[in-house]
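Novice: Listed below, chain by chain, are the residues.
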Amino acid sequence: MSAENESNAPQQEMATTEDAASEKISVSTKDLSREDRKMLKGIFLHSFNIFAMYGGGAKAGASGFLWALAPAFERFYPDKKRRTDAMVRHSSWYNITSNVGTFCMGLVAAMERENSQHPDFDTQSIDAVKASLMGPMSGIGDAIFWGVLRVIAAAVGMALCAQTGTILGPLVFLIIYNVPSILCRWCLTVLGYRVGSNFITKLEEGGLMDLITKLAGILGLLMIGAMTASFVKFNCIIAIPAGNGDPVQVQTYLDTIFKGLVPILYTLGCVKLLRKNINVTWLIVGTMVIGLALGLLGIC
Amino acid sequence: MLQLALMAFLAAFICYFVQWTFGQPMIDQPICVGLIAGLIFGDVTTGIIIGAAMEAIFIGNVNVGGATSAEPVTGTVMAICFVTHMGMDQGAAITLATAVAIFANIIYSLIFNVLMSFWSPLIDWAASTGETKNVFLVHFGGALVMNGAMAIPTFLGVYFGAEPVANLVNVIPAVVTNGFNAAAGLLPAVGMALLIRMLWNNKIAVYFLLGFICVSYLGMPMVGVAALGAVIVVVEAYRQLDLLDVKKKLQAMRTGGGAVQAETQDQIEEEDFFA
Numbered sequence: 001m002s003a004e005n006e007s008n009a010p011q012q013e014m015a016t017t018e019d020a021a022s023e024k025i026s027v028s029t030k031d032l033s034r035e036d037r038k039m040l041k042g043i044f045l046h047s048f049n050i051f052a053m054y055g056g057g058a059k060a061g062a063s064g065f066l067w068a069l070a071p072a073f074e075r076f077y078p079d080k081k082r083r084t085d086a087m088v089r090h091s092s093w094y095n096i097t098s099n100v101g102t103f104c105m106g107l108v109a110a111m112e113r114e115n116s117q118h119p120d121f122d123t124q125s126i127d128a129v130k131a132s133l134m135g136p137m138s139g140i141g142d143a144i145f146w147g148v149l150r151v152i153a154a155a156v157g158m159a160l161c162a163q164t165g166t167i168l169g170p171l172v173f174l175i176i177y178n179v180p181s182i183l184c185r186w187c188l189t190v191l192g193y194r195v196g197s198n199f200i201t202k203l204e205e206g207g208l209m210d211l212i213t214k215l216a217g218i219l220g221l222l223m224i225g226a227m228t229a230s231f232v233k234f235n236c237i238i239a240i241p242a243g244n245g246d247p248v249q250v251q252t253y254l255d256t257i258f259k260g261l262v263p264i265l266y267t268l269g270c271v272k273l274l275r276k277n278i279n280v281t282w283l284i285v286g287t288m289v290i291g292l293a294l295g296l297l298g299i300c
Numbered sequence: 001m002l003q004l005a006l007m008a009f010l011a012a013f014i015c016y017f018v019q020w021t022f023g024q025p026m027i028d029q030p031i032c033v034g035l036i037a038g039l040i041f042g043d044v045t046t047g048i049i050i051g052a053a054m055e056a057i058f059i060g061n062v063n064v065g066g067a068t069s070a071e072p073v074t075g076t077v078m079a080i081c082f083v084t085h086m087g088m089d090q091g092a093a094i095t096l097a098t099a100v101a102i103f104a105n106i107i108y109s110l111i112f113n114v115l116m117s118f119w120s121p122l123i124d125w126a127a128s129t130g131e132t133k134n135v136f137l138v139h140f141g142g143a144l145v146m147n148g149a150m151a152i153p154t155f156l157g158v159y160f161g162a163e164p165v166a167n168l169v170n171v172i173p174a175v176v177t178n179g180f181n182a183a184a185g186l187l188p189a190v191g192m193a194l195l196i197r198m199l200w201n202n203k204i205a206v207y208f209l210l211g212f213i214c215v216s217y218l219g220m221p222m223v224g225v226a227a228l229g230a231v232i233v234v235v236e237a238y239r240q241l242d243l244l245d246v247k248k249k250l251q252a253m254r255t256g257g258g259a260v261q262a263e264t265q266d267q268i269e270e271e272d273f274f275a
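Protein chains in written order, with my numbering: chain E, 1 to 300; chain L, 1 to 275.
For the record, the hints were derived by calculation from the structure and aren't laboratory data.
Source: prediction; values computed, not measured.
For each residue, glycine too, the CB sits at the ideal point set by N, CA and C.
Warning: the hint list may mix true and false statements.
[Claimed, not checked] Here are the computed lysine to any residue pairs in the SDA-like style, where the Cα-Cα straight-line distance is at most 20 Å:
id, chain 1, residue 1, chain 2, residue 2
1, E, K81, E, D120
2, E, K233, E, L261
3, L, K133, E, R82
4, E, K259, E, I237
5, E, K38, L, K133
6, E, K233, E, L296
7, E, K214, L, L243
8, E, K233, L, K203
9, E, K41, E, S28
10, L, K203, E, M209
11, L, K203, E, A143
[Said to hold, decoys possible] To spell it out: a stretch of chain E is covered by chain L in this simulated footprint if at least three of its residues, at any positions, have a beta carbon under 8 Å from a beta carbon of chain L; those stretches are:
id, stretch
12, 41-53
13, 70-77
14, 99-110
15, 123-136
16, 139-152
17, 219-232
18, 250-264
Next comes chain E alone, as it looks inside the complex:
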């Protein structure tokens, strides 16, 4: 029991400081050798090109992964035959969210180092680790980077430029998204190289993966709510003529019930339909038809 507590301690610390720095699990390269640092920098830089050519069914992502790991292949396998073996092994389907996939690359580099030093190393374990990482890492990476960080960046960016068209909008969007993205890319390269392959399993068992997903969800939903209020627009132009005095605007009534009633109901209606597995394309086409009809009927 005490042993279990000890092994959990660094994880908790990591989660509270959120920069993945602790005694055991570190993203610092200070105590690594010069060659290690050079190789990790190479993998980090190559990892940007990972999906430059992402296509073709069975081999999707394969050439990107080969290119990303090229510094490791060059370093650990000076012998051409063994290098070829390693490269053929890795020319298979690969797909992890680009910003967090470097963890897998660092890890694979560490395992290839083991393989180059121990001839009896089981190379299948490398494939197994690679394959087993794709699901959980993509899941959490998509949720955090596509679902939350991109949404926050877009919300702030759009709010800046939706009316005025100032160049600040896209620039702020790019900065908010890319600074954490690049930092994460580098830290995970080092982390992957330094920790064992059971790291992700430990995180999952400790309940931290669920916690991160939940917190990301809270932030995401909050921002989506704010964006729904700002960007989904509905304005009824019907005015009911009153006997004497100004005509009554229907929109004013709607706003009295709940400000933004139609946008929020329409959005939640779309969610409901999506959850019933209605295709997005139909929702988009349907919304266009409804919008046109509202215009033709003189409601909007």
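Chain E is fixed; fit chain L onto it per the hints.
Specialist: Frame of chain E, contents of chain L only:
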């Protein structure tokens, strides 16, 4: 017309190529496409306004492993071209761009899954030579082919679409324009719905309402909402970590803790019995 079409091709190609080749910096999000197409067509302000409007619609369009529901770059570039050079109304342009995005997605997935399949043997060849410079050639050569192919629909759309659009612009009646504007106003709801579905969890759904109220009633700016979100996340993180701690201790007391304290097998069984 050819010149406009080439400009459109260039805008789309830059967005695709930079996005996929340089670590997905999100330059192919409509808000950035607006900036790039605006620069190329010489009207940055209009470009960014249309880009921002398209962003709201397509923000839920998450590209996971090439599986998307719509492909907004082509539509956004075309919309910006038609508004800046053909005098098209913005609401109409945005609705048109949305329709184009759905159609372009079909071409996009054809390129991804069919055209690029012909590239796979080259990857195998590069791996079998054991030379990383061959991997470089195959990888980046493929990038040029793939991203070039993806920008072709934009070229064709502008080349063949510009004249009919220019003729149409003058004959659209006001009610139809109103309808396009209404559609453009409601379309972001679909994008938001896609995002909500991705993150939905009944226990935290109420935060969606909080975000909505912050803007609709309190008129908070987005940065303010994001800061509020950060506070909520930190508070919640500490609470949940404490909760995890308590859970672990409880579990330890139930299982492992018992074994440490209980000295004999009888005592362990006794504890199990009472548990």
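Novice: Next, verify each hint and record whether it holds.
Specialist: Cross-check of the supplied hints:
| no. | hint | in the structure |
| --- | --- | --- |
| 1 | E:K81 - E:D120 | holds (16 Å) |
| 2 | E:K233 - E:L261 | holds (10 Å) |
| 3 | L:K133 - E:R82 | holds (17 Å) |
| 4 | E:K259 - E:I237 | holds (16 Å) |
| 5 | E:K38 - L:K133 | holds (18 Å) |
| 6 | E:K233 - E:L296 | holds (17 Å) |
| 7 | E:K214 - L:L243 | holds (14 Å) |
| 8 | E:K233 - L:K203 | violated (28 Å) |
| 9 | E:K41 - E:S28 | holds (13 Å) |
| 10 | L:K203 - E:M209 | holds (17 Å) |
| 11 | L:K203 - E:A143 | holds (17 Å) |
| 12 | 41-53 | holds (count 7) |
| 13 | 70-77 | holds (count 3) |
| 14 | 99-110 | violated (count 1) |
| 15 | 123-136 | violated (count 0) |
| 16 | 139-152 | holds (count 8) |
| 17 | 219-232 | holds (count 14) |
| 18 | 250-264 | holds (count 4) |
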